[in-house]
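Protein chains: 2
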Amino acid sequence: MYKFNKKVLSITLGLLCCHSATAAVSIEEATAIQRSLITLDTHLDTPANLVVPGFNILERHSYGHDYSQVDVPRMQEGALDGGFWAVYSPQGELTKGGYEQSRDTALLRALAIRTMVSASPQVFEFATESADAEKIKKNSKHIVYMSMENAYPLGTDISLLETFYKFGLRMAGPVHFKNNQFGDSSTDPSGTQWDGLSPLGEELVAEANRLGIVLDGSHAHDETVKDMIRLSKTPIILSHTGSKAIYDHPRNVDDALLKQLAESGGVIQMNAYSEYLEKLPDDPERKEAYKGLMKLVKEGSERSVLLEKRREIDHEHPAVKASFEVYMEHFLHALNVVGPKHVGIGADWDGGGGVDDMMDVVNLPKITKRLLDEGYSKSDLADIWGGNALRVLQQASDYAASLKTAKK
Amino acid sequence: MYKFNKKVLSITLGLLCCHSATAAVSIEEATAIQRSLITLDTHLDTPANLVVPGFNILERHSYGHDYSQVDVPRMQEGALDGGFWAVYSPQGELTKGGYEQSRDTALLRALAIRTMVSASPQVFEFATESADAEKIKKNSKHIVYMSMENAYPLGTDISLLETFYKFGLRMAGPVHFKNNQFGDSSTDPSGTQWDGLSPLGEELVAEANRLGIVLDGSHAHDETVKDMIRLSKTPIILSHTGSKAIYDHPRNVDDALLKQLAESGGVIQMNAYSEYLEKLPDDPERKEAYKGLMKLVKEGSERSVLLEKRREIDHEHPAVKASFEVYMEHFLHALNVVGPKHVGIGADWDGGGGVDDMMDVVNLPKITKRLLDEGYSKSDLADIWGGNALRVLQQASDYAASLKTAKK
Numbered sequence: 128m129y130k131f132n133k134k135v136l137s138i139t140l141g142l143l144c145c146h147s148a149t150a151a152v153s154i155e156e157a158t159a160i161q162r163s164l165i166t167l168d169t170h171l172d173t174p175a176n177l178v179v180p181g182f183n184i185l186e187r188h189s190y191g192h193d194y195s196q197v198d199v200p201r202m203q204e205g206a207l208d209g210g211f212w213a214v215y216s217p218q219g220e221l222t223k224g225g226y227e228q229s230r231d232t233a234l235l236r237a238l239a240i241r242t243m244v245s246a247s248p249q250v251f252e253f254a255t256e257s258a259d260a261e262k263i264k265k266n267s268k269h270i271v272y273m274s275m276e277n278a279y280p281l282g283t284d285i286s287l288l289e290t291f292y293k294f295g296l297r298m299a300g301p302v303h304f305k306n307n308q309f310g311d312s313s314t315d316p317s318g319t320q321w322d323g324l325s326p327l328g329e330e331l332v333a334e335a336n337r338l339g340i341v342l343d344g345s346h347a348h349d350e351t352v353k354d355m356i357r358l359s360k361t362p363i364i365l366s367h368t369g370s371k372a373i374y375d376h377p378r379n380v381d382d383a384l385l386k387q388l389a390e391s392g393g394v395i396q397m398n399a400y401s402e403y404l405e406k407l408p409d410d411p412e413r414k415e416a417y418k419g420l421m422k423l424v425k426e427g428s429e430r431s432v433l434l435e436k437r438r439e440i441d442h443e444h445p446a447v448k449a450s451f452e453v454y455m456e457h458f459l460h461a462l463n464v465v466g467p468k469h470v471g472i473g474a475d476w477d478g479g480g481g482v483d484d485m486m487d488v489v490n491l492p493k494i495t496k497r498l499l500d501e502g503y504s505k506s507d508l509a510d511i512w513g514g515n516a517l518r519v520l521q522q523a524s525d526y527a528a529s530l531k532t533a534k535k
Numbered sequence: 128m129y130k131f132n133k134k135v136l137s138i139t140l141g142l143l144c145c146h147s148a149t150a151a152v153s154i155e156e157a158t159a160i161q162r163s164l165i166t167l168d169t170h171l172d173t174p175a176n177l178v179v180p181g182f183n184i185l186e187r188h189s190y191g192h193d194y195s196q197v198d199v200p201r202m203q204e205g206a207l208d209g210g211f212w213a214v215y216s217p218q219g220e221l222t223k224g225g226y227e228q229s230r231d232t233a234l235l236r237a238l239a240i241r242t243m244v245s246a247s248p249q250v251f252e253f254a255t256e257s258a259d260a261e262k263i264k265k266n267s268k269h270i271v272y273m274s275m276e277n278a279y280p281l282g283t284d285i286s287l288l289e290t291f292y293k294f295g296l297r298m299a300g301p302v303h304f305k306n307n308q309f310g311d312s313s314t315d316p317s318g319t320q321w322d323g324l325s326p327l328g329e330e331l332v333a334e335a336n337r338l339g340i341v342l343d344g345s346h347a348h349d350e351t352v353k354d355m356i357r358l359s360k361t362p363i364i365l366s367h368t369g370s371k372a373i374y375d376h377p378r379n380v381d382d383a384l385l386k387q388l389a390e391s392g393g394v395i396q397m398n399a400y401s402e403y404l405e406k407l408p409d410d411p412e413r414k415e416a417y418k419g420l421m422k423l424v425k426e427g428s429e430r431s432v433l434l435e436k437r438r439e440i441d442h443e444h445p446a447v448k449a450s451f452e453v454y455m456e457h458f459l460h461a462l463n464v465v466g467p468k469h470v471g472i473g474a475d476w477d478g479g480g481g482v483d484d485m486m487d488v489v490n491l492p493k494i495t496k497r498l499l500d501e502g503y504s505k506s507d508l509a510d511i512w513g514g515n516a517l518r519v520l521q522q523a524s525d526y527a528a529s530l531k532t533a534k535k
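Top line first, the protein sequences correspond to chains P and E.
Residue numbers for the first sequence, in our numbering: 128 to 535.
Residue numbers for the second sequence, in our numbering: 128 to 535.
Worth double-checking, as some hints may not be accurate.
If chains are identical, the list can't say which one is meant, so a pair holds when it fits in one copy or spans any two.
With a Cα cut of at most 25 Å, we get these calculated PhoX-like pairs of lysine-lysine [to be verified]: (1) Lys223 <-> Lys293; (2) Lys418 <-> Lys305; (3) Lys425 <-> Lys293; (4) Lys425 <-> Lys534; (5) Lys223 <-> Lys531; (6) Lys406 <-> Lys425; (7) Lys531 <-> Lys425; (8) Lys262 <-> Lys468; (9) Lys534 <-> Lys223; (10) Lys223 <-> Lys262; (11) Lys360 <-> Lys386; (12) Lys422 <-> Lys223; (13) Lys353 <-> Lys422.
In short, the hints are calculated from the structure, not lab data.
All chains should be modelled from the sequences, with the hints used to inform the complete structure.
Written as structure tokens, this is what we have:
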């Protein structure tokens with residue numbers, strides 16, 4: 128049986144009984160508190176690793192060696208219970224053939240998530256209801272919700288959303304880096320095409336509502352997010368997004384939109400993707416070296432060769448990451464603007480996330496410590512670490528259930 | 128680790144060294160020989176049980192209690208290594224909505240097969256290549272190929288065949304009890320509609336060929352089977368079918384078609400579905416009682432209640448099954464007509480199969496004993512029990528590979 132170190136937990140919780148919110152909290156204390164909460168990251172790109180030959184989620188890896196950021200030993204150390212494991216699809220051509228290929232790949236990714244869980248029933252449990260998280264936590268297992276980043280693989284066949292729902296999907300975002308059949312992305316170099324959601328995107332929102340899937344506005348253009356808030360019958364989530372007030376990047380949202388999101392009951396989950404957190408210095412040599420690496424990728428070089436090459440480049444031209452402090456600036460700003468009922472965590476692990484001193488899930492308790500140091504309570508932390516995301520999931524499924532009841 | 132009783136096996140094989148083909152073979156000897164072969168049933172409807180709450184394939188069940196016919200303990204006892212585990216779809220309306228619902232259910236069934244394997248990696252291994260069977264057998268695991276009975280869930284979107292291929296599908300039959308979008312069934316009360324394959328069915332054949340999926344003509348109308356033989360670039364299989372010369376039923380094939388099948392390299396796998404093996408006496412009282420049971424099914428009664436009721440009916444009005452001898456008549460007839468390179472076993476377990484004295488997989492060695500007694504050699508048995516089915520699978524994948532090579 129797979130268990131947390133309960134002894135350490137109870138001792139440390141004992142010490143905490145008299146903790147004053149303003150005194151600095153030790154990292155051990157913060158870790159212990161975090162362990163007592165349901166801790167979810169709402170955007171884990173880890174499923175991409177599940178289909179990498181030889182990757183074993185049960186074993187400990189290191190970012191320095193294979194660039195992975197999430198596995199069971201590190202989740203345990205970093206007190207992460209689980210989260211929304213993403214079926215991410217890179218966007219191909221907006222054609223029948225492109226859609227079909229992506230549909231298949233996305234279904235296989237969903238299969239990989241499900242087989243990860245079924246292969247280790249003592250370690251993972253698949254979750255579809257909001258209340259599942261607490262039960263799974265009680266059984267000392269890791270929580271696996273399924274989400275979709277980029278609805279591109281649905282093509283123009285909205286009925287496929289139900290297929291994925293039946294596979295367990297409970298959160299979905301319409302777009303990724305580029306505009307697609309469902310609407311505008313925040314980062315398409317060609318600008319907006321639909322001025323928000325497309326007509327098909329509006330159908331997608333209605334279908335997600337009907338099924339009880341939380342809509343995710345991360346990567347969506349501000350106008351798309353606004354359309355989603357306006358049209359969705361239940362609060363939306365930004366599963367991994369930052370504060371535009373701290374860094375003016377299209378992947379972040381400004382305070383007005385943040386407030387609109389919160390007023391509609393929605394949640395922003397703070398993204399730790401360095402390039403979206405602050406302006407990082409250019410490094411043309413590193414860029415050039417990475418072009419060489421990309422060439423090897425295209426030539427189909429072996430993974431071990433690619434990793435060796437990547438480590439070599441990173442040694443010669445070290446990556447510059449945003450600081451943990453800047454991450455927390457985004458975080459604290461969002462908390463200041465909308466409060467702890469509307470902020471959570473979605474650091475884009477295994478999808479590009481990571482800041483200095485927090486390059487994998489091991490160091491997540493730093494966030495907890497910092498928030499406690501700032502005076503946020505354990506109850507606030509419970510909301511931030513999972514309660515808020517679970518609330519919007521509950522609202523999505525309640526609405527879907529209400530439609531079924533109304534039908535009878 | 129999960130192993131056969133190797134001691135018993137080696138002792139018994141030792142005894143067999145001087146076995147004369149004409150002397151009667153003991154059931155223990157037959158079992159030992161069967162254990163030494165790759166033994167596949169090409170139509171296991173067992174996946175339907177995988178989605179029954181509480182059904183555990185690793186535990187021993189009994190036909191008398193829950194009507195199941197396949198589980199790991201019984202496979203071990205009956206020396207069945209595995210086979211083609213079917214994604215079976217009952218046919219709904221030939222409409223967009225009907226297709227979509229069935230597509231989802233079929234994908235979930237494929238998921239159930241894959242999670243069965245991933246949940247017990249010491250017991251099962253998923254197979255996609257013909258050569259996998261031998262490797263899996265050597266590792267003392269059970270062999271799981273995936274097949275599809277009724278292509279109805281593909282709707283009119285042939286590209287979905289590749290989706291299932293990617294899930295591991297390696298055998299597919301176009302139709303079931305009724306005609307559908309792909310062609311004519313052997314048992315549609317309205318008669319033929321397409322005079323064989325429909326134009327979409329012809330596309331299905333070409334796509335199966337392109338992918339390397341074995342085409343299965345069981346349940347197909349004779350004209351459909353003829354079309355499949357004519358159009359398919361590789362030999363087809365009848366995964367669970369009988370001999371019309373023994374019993375004139377549409378689900379059986381006559382000698383002319385059998386010969387045509389064999390001449391094209393194909394294989395018939397002998398079906399143990401009693402109603403197709405001989406004319407069974409009518410039992411109006413039993414029929415009436417079953418109508419009552421069906422009413423309970425429709426009302427959504429609990430499974431335990433339904434099983435109790437079914438056992439009660441079967442006690443009061445016992446089912447009449449065909450005899451094992453009649454099954455072997457079909458079997459031996461097919462062997463006489465086309466020889467042991469074109470006959471195999473597909474008894475329709477968990478799909479209606481079963482004859483007196485062989486109501487589950489435990490008694491499979493009776494077949495081996497009977498064939499040995501008839502003078503068939505161990506080498507013939509190797510073909511019948513798996514070699515023939517694996518040959519047509521190899522031919523299907525070779526053809527698909529040749530297309531890829533030609534393309535380059």
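Now for the hints, and whether the structure bears them out:
Both within a single protomer and between protomers do lysine 223 and lysine 293 lie at most 25 Å apart by alpha-carbon distance, with minima of 23 Å and 18 Å respectively. For a Cα distance limit of 25 Å, the shortest separation of lysine 418 from lysine 305 inside one copy, 21 Å, qualifies, whereas the shortest one across copies, 57 Å, does not. Only between protomers do lysine 425 and lysine 293 lie at most 25 Å apart by alpha-carbon distance; the minimum there is 23 Å, versus 35 Å within a single protomer. Taking the shortest alpha-carbon separations for lysine 425 and lysine 534, only the inter-copy value of 20 Å comes in at or below 25 Å, while the best intra-copy value is 52 Å.
In this assembly of identical chains, the alpha carbons of lysine 223 and lysine 531 lie at most 25 Å apart only when taken from different copies (22 Å versus 33 Å within one copy). Taking identical chains as interchangeable, the C-alpha atoms of lysine 406 and lysine 425 are never at most 25 Å apart, the minima being 29 Å within one chain and 63 Å between chains. For the identical chains of this complex, lysine 531 and lysine 425 are inter-copy neighbours only, at 20 Å across copies versus 49 Å inside a copy, given an alpha-carbon limit of 25 Å. Taking identical chains as interchangeable, the C-alpha atoms of lysine 262 and lysine 468 lie at most 25 Å apart only when both belong to the same chain, with a minimum of 22 Å there against 55 Å between chains.
For the homomeric pair lysine 534 and lysine 223, the shortest alpha-carbon distance between copies (22 Å) is at most 25 Å, but the shortest distance inside one copy (34 Å) is not. In this homomeric assembly, lysine 223 and lysine 262 never come within 25 Å of each other (Cα to Cα): the closest approach is 42 Å inside a single copy and 39 Å across copies. For a Cα distance limit of 25 Å, the shortest separation of lysine 360 from lysine 386 inside one copy, 18 Å, qualifies, whereas the shortest one across copies, 63 Å, does not. When the C-alpha separation of lysine 422 and lysine 223 is checked against a cutoff of 25 Å, the pair qualifies neither within a copy, at 28 Å, nor between copies, at 44 Å.
Taking the shortest alpha-carbon separations for lysine 353 and lysine 422, neither the intra-copy value of 39 Å nor the inter-copy value of 50 Å comes in at or below 25 Å.
Violated hints for the displayed structure, listed by number in ascending order: 6, 10, 12, 13.
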